[in-house]
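Undergrad: Okay, here's what each chain looks like letter by letter:
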Amino acid sequence: MKVLRDLRFPLIAVLCAFLVGAVIVVLVGDSPIETYRLLLGSAFSWPDGIGYTLFFATPLIFTGLAVAVALRGGLLNIGAEGQLYVAAFATAWIGITFANLPAVLLVPMCCVGGVAAGALWAAIPGILKARFGSHEVINTIMLNFVAVALVGYLTQYHYRIPGDPIMETAPIGSGAHIARLGAFIPGLPARIPLNVAFLLALLACWLVYVLLWKTKWGYEIRATGQNPAAAEYGGVSIRKEIVLTMAISGALAGMVGINEVLGYRYRYYDGFSDNYGFTGIAVALLGRNHPFGVIVAALLFAVLQRGGVPVDAFTQLVSKDIVLILQALVILFVAAEAMFRRPVGSRQSAVGSGQVAGGKI
Amino acid sequence: MKLELRGITKRFGAVLANDHLDITIPPGTIHAIVGENGAGKSTAMRIAYGFYTADSGTILVDDRVRDIRAPRDAIALGIGMVHQHFMLVRPMTVTENIVLGAEPGSAIALDLRKAAASIRALSEEFRLAVDPGAIVEDLSVGQQQRVELLKALYRRAGLLILDEPTAVLTPQEVAEFFAILRRMRDQGKTVIIITHKLSEVLAISDNVTVMRDGRVVGNLKTNETTAAELARLMVGRDVLLRVDKPPARPGATVLTVRDLSIAGREGARRLDNVSFDVRSGEIVGVAGVEGNGQTELIEALAGLLPESQVSGAMSFRGRDIRQLNARRRRDAGIAHVPEDRHRRGLLLEFSLSENAILGVHYRAPVVSGPGGVLLDLPAIQRRADLVIREFDVRPPNSSLPARALSGGNQQKLIIGREFELPPVLLLISQPTRGVDIGAIEFIHRKIVALRDSGCAILLVSAELEEVTALADRLIVLHNGRIAGEVDPARATHEEIGLLMTGGRS
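Sequences listed follow chains Y and Z, in order. This note's numbering puts the first residue of the first sequence at 1, with every later residue one more than the last. This note's numbering puts the first residue of the second sequence at 362, with every later residue one more than the last.
Derived by calculation from the structure, the hints in this document are not laboratory data. Glycine is no exception: its CB is placed at the ideal position from the N, C-alpha and C atoms. Some clues are possibly wrong.
Heads up, simulated EDC-like pairs for lysine to aspartate or glutamate below, C-alpha to C-alpha not over 20 Å straight-line [stated by the list, open to error]:
id: 1; chain 1: Z; residue 1: Lys363; chain 2: Z; residue 2: Asp383
id: 2; chain 1: Y; residue 1: Lys214; chain 2: Z; residue 2: Asp434
id: 3; chain 1: Z; residue 1: Lys363; chain 2: Z; residue 2: Asp605
id: 4; chain 1: Y; residue 1: Lys216; chain 2: Z; residue 2: Asp692
id: 5; chain 1: Z; residue 1: Lys807; chain 2: Z; residue 2: Glu668
id: 6; chain 1: Z; residue 1: Lys582; chain 2: Z; residue 2: Glu537
id: 7; chain 1: Y; residue 1: Lys216; chain 2: Z; residue 2: Glu751
id: 8; chain 1: Z; residue 1: Lys807; chain 2: Z; residue 2: Asp737
id: 9; chain 1: Z; residue 1: Lys807; chain 2: Z; residue 2: Asp746
id: 10; chain 1: Z; residue 1: Lys363; chain 2: Z; residue 2: Glu464
id: 11; chain 1: Y; residue 1: Lys214; chain 2: Z; residue 2: Asp605
id: 12; chain 1: Y; residue 1: Lys240; chain 2: Z; residue 2: Asp746
id: 13; chain 1: Z; residue 1: Lys582; chain 2: Z; residue 2: Asp605
id: 14; chain 1: Y; residue 1: Lys216; chain 2: Z; residue 2: Asp434
id: 15; chain 1: Z; residue 1: Lys807; chain 2: Z; residue 2: Asp547
id: 16; chain 1: Z; residue 1: Lys606; chain 2: Z; residue 2: Glu826
id: 17; chain 1: Z; residue 1: Lys475; chain 2: Z; residue 2: Glu464
id: 18; chain 1: Z; residue 1: Lys363; chain 2: Z; residue 2: Glu457
Negatives, chain Z to chain Y, calculated, CB over 12 Å [what the hints assert, rightly or not]:
id: 19; residue: Val426
id: 20; residue: Val450
id: 21; residue: Gly664
id: 22; residue: Arg688
id: 23; residue: Arg691
id: 24; residue: His703
id: 25; residue: His722
id: 26; residue: Arg724
id: 27; residue: Val727
id: 28; residue: Leu738
id: 29; residue: Ile843
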């Protein structure tokens, strides 16, 4: 249960964030107990709380996984946001263009097309890095702007229904809709958009786990991430790994489109992403780049997102910005983890350097 | 200057690095401190220099208890230290380097002329010939070391601590360096030299302290001891210092290298028209001062250099291997123990099991299942256990990260992994760098045994002792060219040393 042990520090970080958050609520002049009761109570109520929390968690699992896989491979993918936009648009485009196909064909086509679009979009900075050595952080960030502008343009000038005041495309064919979980779970109303994509997210976590730790491909990705020179020595093509890892990362980010387009709005809605791609970085960080950790972290962020609304509505002085503050605090404390660990870490490194300097016999 | 450590204890986490050390270094002597990796000798000296503070114990300088909390304090007391890896700013001049941190002149005006004059005076006094105006990166390694010495002397050091000072020097440079140390002693300086070369201990020191497992196990007068006694004290048992090896029985030619050249940056050639053969059942040694093309030679043969940099012919069992990538070459039976185990050889955060399959991780028996994609964890475990058992890797726990092992055990893991390939040709670089004496003996025996089983071996080592002891034929590289080939059983170190410097000393 190494995963659980690894999650110990993130857990401490979350607790610290809530403690500091409580202090802030007190300073504002409200009751932290009441605020947290509203925050957590609404997130865990049945069916709306739980339904929406899981729905909010779905894109964060995908983007968290995307960032985690890339980091395991030694790459920082800050472009999940752009990748998921391109993918969602591609998903919708297939759903619109082939609207008359039966579900059994159209759903897989939309899924595969969207995921492929995300993978290709992410492969661009991968290829640039592998071929020219340009840094993926710069290129993924820049491609975010390109992606947003590109899908915005396509929506505005080519796929918007004339006269529609909203920046959105025409609806996808009904054959492309995927089921909401309300259809299977008694007591969960169909209006709650939690859909099959959530199950797909859990499946993706398991698949990524198997890929990374049970296959030779995952071994090569992790080896490249841990020490590229040693991986190269072991016969791994670093260039190929960079492109492959970015493509896998982009594919996972692209799966957000399945949740959004096929399971929720049934069309492409411009600007739909609530910074999922960037929150994914925090999710991966908090989940320690482990697929199962990502699930836990995505749930936490979803709880905060869901719980913010009633906090805003039912407290006197606290606004839903408390959620942003808590999110920021969680990230700060996770990032400061090294601080908690330093006493141990520095001793270890001191021994290490001592041995190195101890030199040869 | 007299230095005395009394009851020095230092603990790093669970590791007791120094356990009640008592060391007395009489003034005006050259004092050697020897011990295996992790014996605590560097830690002790770092405490004396203020890098670490001891948990308990006292330091006496000239019979007075002193509180040394930072290198600053040590320098103020007249203690200087020269590290194994030089701490020089390479694009700056000798003078600028020497005054760095002790700049002469006022706060706003740096008086380099005055500094250069006093550096000249110092270098004449100790006959440390260095041009104060030279740029450090233009200097040879031996000259850079003199700059380090001058740096300490400029700060009026009465006692100098030298950490592995001869590791990067040719035999001629070592002789010169020792002459400098003796002059310094004769001028009243005290010198502490941390080393692992027992022959040098015997050649240069007046007294020697032997450490093992954080404790002092012997304080001896150098002229009353022998290399065998020192080695026994260091390891705790009798050690075979020579390599016992029967004559080679070479077979067919396995590796043929013809006119191999490797382009470096800016048109310079890192390797220049090198040709040689390696036959099965023989060890061909490559000697040379580090940085004379050995690294590039091995990486080119292992397939780790871009093809565009490499020209010439390389054939392995009669087959051209230039087009083959690193994986294909390994598949063909070329194993490679890299010179830098942390950079190339290991995935430090990965477990020993995962490290034991690096390079064969994509093929049976390591993978199984449809398409050979899934890692076969039991098979990996078996392979790891085999390597750990055959090569005595300690602790024998395959789930530990490679980082947790000592240098010697990391090296045994790598060598074991490569021997399991099994190799037809072994490329092995610096096989015992940073490895304990006991493990050196073990690794040398394994290499000879592999040779006797018919493997062709190309061995690169910066340790002249090692390469002459193991090799059946010896090539000397200088400036990317073969400066000569000698019979390691007959050639003297002086002859080889002359070739290493390209015929000039």
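Undergrad: Beyond 12 Å on every Cβ pair: is that true for Arg724 (chain Z) relative to chain Y?
TA: violated, 9 Å
Undergrad: Is the Cα-Cα distance between Lys807 (chain Z) and Asp737 (chain Z) 20 Å or less?
TA: With Cα atoms ~28 Å apart, Lys807 (chain Z) and Asp737 (chain Z) exceed 20 Å; violated.
Undergrad: For the pair we were handed, Lys216 (chain Y) and Asp434 (chain Z), check the Cα-Cα distance against 20 Å.
TA: violated, 54 Å
Undergrad: CA of Lys582 (chain Z) to CA of Asp605 (chain Z), is that 20 Å or under?
TA: violated, 30 Å
Undergrad: Given the hinted pair Lys363 (chain Z) and Asp605 (chain Z), is their Cα-Cα distance within 20 Å?
TA: violated, 43 Å
Undergrad: Holds or violated: Lys582 (chain Z) and Glu537 (chain Z), Cα atoms, limit 20 Å.
TA: Violated - the C-alpha atoms of Glu537 (chain Z) and Lys582 (chain Z) are around 23 Å apart, more than 20 Å.
Undergrad: For the pair supplied as a hint, Lys214 (chain Y) and Asp605 (chain Z), confirm whether the alpha-carbon distance does not exceed 20 Å.
TA: violated, 44 Å
Undergrad: Just to be careful, I want the Cα atoms of Lys606 (chain Z) and Glu826 (chain Z) compared with a cutoff of 20 Å; is the pair within it?
TA: holds, 15 Å
Undergrad: Taking the minimum C-beta separation from Leu738 (chain Z) to chain Y, is that value above 12 Å?
TA: Label violated. Min Cβ-Cβ 8 Å, cutoff 12 Å.
Undergrad: Quick one, are Lys216 (chain Y) and Glu751 (chain Z) close enough, alpha carbons at most 20 Å?
TA: Measuring from Cα to Cα gives roughly 25 Å; hence the hint is violated.
Undergrad: Arg691 (chain Z): least C-beta distance to chain Y exceeds 12 Å?
TA: Non-interface label on Arg691 (chain Z) violated, nearest chain Y Cβ at 6 Å vs cutoff 12 Å.
Undergrad: Does the alpha-carbon distance linking Lys807 (chain Z) and Glu668 (chain Z) stay inside the 20 Å limit?
TA: Between Lys807 (chain Z) and Glu668 (chain Z) the Cα gap is close to 33 Å, so the pair fails against 20 Å, i.e. violated.
In this structure, the hints that do not hold are numbers 2, 3, 5, 6, 7, 8, 10, 11, 12, 13, 14, 15, 18, 21, 22, 23, 24, 25, 26, 27, 28, in rising order.
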